[in-house]
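> Residue-level listing of the chains:
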Amino acid sequence: MDRVLNHFIVSLRGAGVPVSVSESIDAAQALAIAGYADRQIVRSSLAATLAKSAAEKEIFDACFERFFSFQSLPSPFAAGPENGNEEQPGDMPPIGGMIMEGDLGGVALAVRDAARSVDLQSIRFVTQRGMFTARILQALQLDQLDRFVADLYREGSAGAEGTARQLEQGREALIDMVRRFVEEQYDIFARESTERIIERYLWDVRLTELEERHYDRMHFLIRKLVKRMNERYSRRRRRAKRGALDFKQTLRANMHHGGLLFETRWKKKRMNRPDVVILCDVSRSMSTVVRFCLLMLYGLNEVIARVRSFVFCSSLLEVSHIFETCPIAEAVERLRTGEGLDIHMGRTDYGSAFWDFTNRHLDAVTGKTTVIILGDARSNYGDPADELLQKISERSRRLIWLNPETPTMWGTGDSEMKLYRRLCDLVMECSTLRHLEQLVRVLVKLP
Amino acid sequence: MRDQPGKFETVDQVNEGFKSTGYICSTDIATTVYLAFHLEKPVLVEGPAGVGKTELAKKAAAFMDVPLIRLQCYEGLDESKALYEWKYGKQLLYSQLLRDKLDQVIDKESDLGESIRTLHRYEDIFFSPQFLEPRPLLKALQEERGAVLLIDEVDKADEEFEAFLLEILSDFQVSIPEIGTVKARTRPYVFLTSNSTRELSEALKRRCLHLFIPFPAPDLEREIVRHHVPNIPDLLERQLVMFIHEVRKLELKKVPSISETIDWARALILLHAEGLDRDLTRKTLNTFLKFEEDVRAVDEKLFLLVDKALKETA
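Chains as they are written, first to last, in the working numbering: chain Y, 833 to 1279; chain D, 329 to 642.
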């Protein structure tokens, strides 16, 4: 059972459940105590020791079903009752005997053993399936079986020919079975590596080129990133919170002890969390970038004190309330579809967007605010209104411009980037997940 | 925690035992509790609000016939609230009362060095177990026959506190500088509950058995309702559970929990209902829905929901 358990744990890890060594020891102990008799109890014991969150439980359930499933296929190996064993020549490989007897269990076991001997667990890529199938068949001595069949045909007697035909049919079924087995094992063991390749790809793919089928994965990645960032930076903040003794407070708190200082009071440092105001260009070309950027910023609410978000195309509109009332993912989706938004989706006009902002929402910007503008600065040859941007810049603590285009494209055509960048404290390219990560670093590292 | 003869021999026994205390549990729950007892590991219980996480610990205490010690976590909880505290008031009072005694002990004529030396002989008097106020964690360690220690909503406490818990949960001993190390007389049986408001640390999870309690399947929930409301008509019970399960599928601010199902069942019994109908349901929605928006949302679909519940149990 230990070996089976080990394989199961490998497959769990493959599916994305991080199982530590101590947990696998626990699992083995749990099984030893609870016994293997009841499938439900085995499942519960393993779940209690190996899967440690609701999400992991779900993966665990799927894995358990796949791993401990018993396939009861109708035997593809027709048993050969009429053939006596007396005429069997000596060099039939053991697998041939099993085929003749129609011993499906034996064949399955032999396949499993062969798979172990060629280390099928190490399968990682789709392209390796053929190779592993061939190796397993070789380990089952298929070539010897083939020679044996040929010998039987050459012998020519009716009985031998019948046996040969039966063996040939069995051979096909066997190959089929091995192929299916490899397929299954690939599913169990190789998932992780495929996931990893996709993940690596997603870190560097341009968000504008991201295919919709990867959105879920991307959300997952951003959640992971946000969690890491939250952990890292909230710890730093906490250290800053531990202040010096507040003597006045301490005296006051200990008055009723007759002036003896039993309870201490500590000075509290004000936490330094950046306020963020973000202006997003939501024209069609920008929509994916905006989506993921907002997803991340709102995920970082722990680190960032307050995010106020505005979207603009031809006109500008505050959308913070949507994020306050809906779950983040849903809010982002609503922005994309523009559902219930009173915004004019005409030609992008940075000038009028800045005008709207400075006239209606300038009080959102204080000396503590970091203003982020997310846009490609393509204003369709309209008035760039850079003096308004300057006003925003002067009022804010920092002005960061995120542009999803590559720097070489800035300032070409109707792009006003060259003009705007002089007014910004920082200009960053923002087109991949990696750029988003850099943005967080910049945001938290306050001057 | 070894002296529980005949209570933890098989998973079924645990299941039966809990049933006798009034807690109907699934195989998952029974197996985990059984394993936790044998492996001497804490159990981390997660799940939506109102599925009986806290109740599980209470019933475990009843089942094993040991006291339940509860530590409610909140932001800012620290060692002095969770582990121990000195009884400052008592120390102060005693030192005042014993002033005369102290004067006698310290000879009026002796010099300062002499007095300090004399005092040193008594130095531990005021920091002795008599002046120690044990808080839940220490109390659980001191309990002679063992105890069930329930650390409720551990996700609400700070991360520092979690790290501190790790120390106790791995060795079941704490050191108090003035007294020394306090070791558990009998290992307490620990339940931690979490509502997943934040991720718990990997280290804590690794040390615990993990139990996720979802909303029960209809059959299990029916059994629970039957157990708590024994005189409920069979038809009503089936329709009611089916209805609640349909309601849980909706997007609500707070979906009805098991205890609310039971409340509702009791309310319907009081109203002498034999089966579910639209009018009655509408009037009693507020027994299991606690938000105005939720009541409105369910009311809108009431026709459909009741119909479905009736049809599926017909």
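No wet-lab data here; the hints were simulated from the structure.
Just so we're clear, the structure is a prediction, and the values are computed from it rather than from any experiment.
Treat the hints with care, since some could be wrong.
What the hints assert, rightly or not - Heads up, simulated BS3-like pairs for lysine-lysine below, C-alpha to C-alpha not over 27 Å straight-line:
1) D:418 x D:429
2) D:577 x Y:889
3) D:581 x D:636
4) Y:1059 x D:629
5) D:577 x D:511
6) Y:1250 x Y:1223
7) Y:889 x D:386
8) D:347 x D:409
9) Y:889 x D:347
10) D:639 x D:629
11) D:581 x Y:1056
12) D:629 x D:577
13) D:409 x Y:1099
14) Y:1080 x D:429
15) D:484 x Y:1059
16) D:618 x D:581
17) D:386 x D:582
18) D:581 x Y:889
19) D:467 x D:409
20) Y:1099 x D:582
21) D:467 x D:511
22) D:409 x D:511
23) D:511 x D:415
24) D:467 x D:386
25) D:484 x D:467
26) Y:1250 x Y:1059
27) Y:1059 x D:582
28) Y:1099 x D:415
29) Y:1200 x Y:1223
30) Y:1056 x D:484
31) Y:889 x D:484
32) D:409 x D:335
33) Y:1056 x Y:1080
34) D:582 x Y:889
35) Y:1080 x D:484
36) Y:1080 x D:629
What the hints assert, rightly or not - Facing chain Y, according to a computed beta carbon distance under 10 Å, are these residues of chain D, among others:
37) 366
38) 414
39) 538
40) 542
The C-beta atom is built at its ideal place from N, Cα and C for all residues, glycine as well.
> Hint by hint, say whether it matches the structure.
Do the hints match the structure? See the list:
| no. | hint | verdict |
| --- | --- | --- |
| 1 | D:418 x D:429 | holds (17 Å) |
| 2 | D:577 x Y:889 | holds (20 Å) |
| 3 | D:581 x D:636 | holds (22 Å) |
| 4 | Y:1059 x D:629 | violated (38 Å) |
| 5 | D:577 x D:511 | violated (48 Å) |
| 6 | Y:1250 x Y:1223 | holds (18 Å) |
| 7 | Y:889 x D:386 | holds (25 Å) |
| 8 | D:347 x D:409 | violated (34 Å) |
| 9 | Y:889 x D:347 | holds (25 Å) |
| 10 | D:639 x D:629 | holds (15 Å) |
| 11 | D:581 x Y:1056 | holds (26 Å) |
| 12 | D:629 x D:577 | holds (12 Å) |
| 13 | D:409 x Y:1099 | holds (20 Å) |
| 14 | Y:1080 x D:429 | violated (34 Å) |
| 15 | D:484 x Y:1059 | holds (17 Å) |
| 16 | D:618 x D:581 | holds (9 Å) |
| 17 | D:386 x D:582 | holds (24 Å) |
| 18 | D:581 x Y:889 | holds (24 Å) |
| 19 | D:467 x D:409 | holds (12 Å) |
| 20 | Y:1099 x D:582 | violated (39 Å) |
| 21 | D:467 x D:511 | holds (11 Å) |
| 22 | D:409 x D:511 | holds (19 Å) |
| 23 | D:511 x D:415 | holds (21 Å) |
| 24 | D:467 x D:386 | holds (17 Å) |
| 25 | D:484 x D:467 | holds (22 Å) |
| 26 | Y:1250 x Y:1059 | violated (35 Å) |
| 27 | Y:1059 x D:582 | holds (26 Å) |
| 28 | Y:1099 x D:415 | holds (25 Å) |
| 29 | Y:1200 x Y:1223 | holds (15 Å) |
| 30 | Y:1056 x D:484 | holds (21 Å) |
| 31 | Y:889 x D:484 | holds (22 Å) |
| 32 | D:409 x D:335 | violated (34 Å) |
| 33 | Y:1056 x Y:1080 | violated (44 Å) |
| 34 | D:582 x Y:889 | holds (23 Å) |
| 35 | Y:1080 x D:484 | violated (30 Å) |
| 36 | Y:1080 x D:629 | violated (60 Å) |
| 37 | 366 | holds (5 Å) |
| 38 | 414 | holds (8 Å) |
| 39 | 538 | holds (4 Å) |
| 40 | 542 | holds (8 Å) |
Violated hints, listed in ascending order, are 4, 5, 8, 14, 20, 26, 32, 33, 35 and 36; each of the other numbered hints is respected by the structure.
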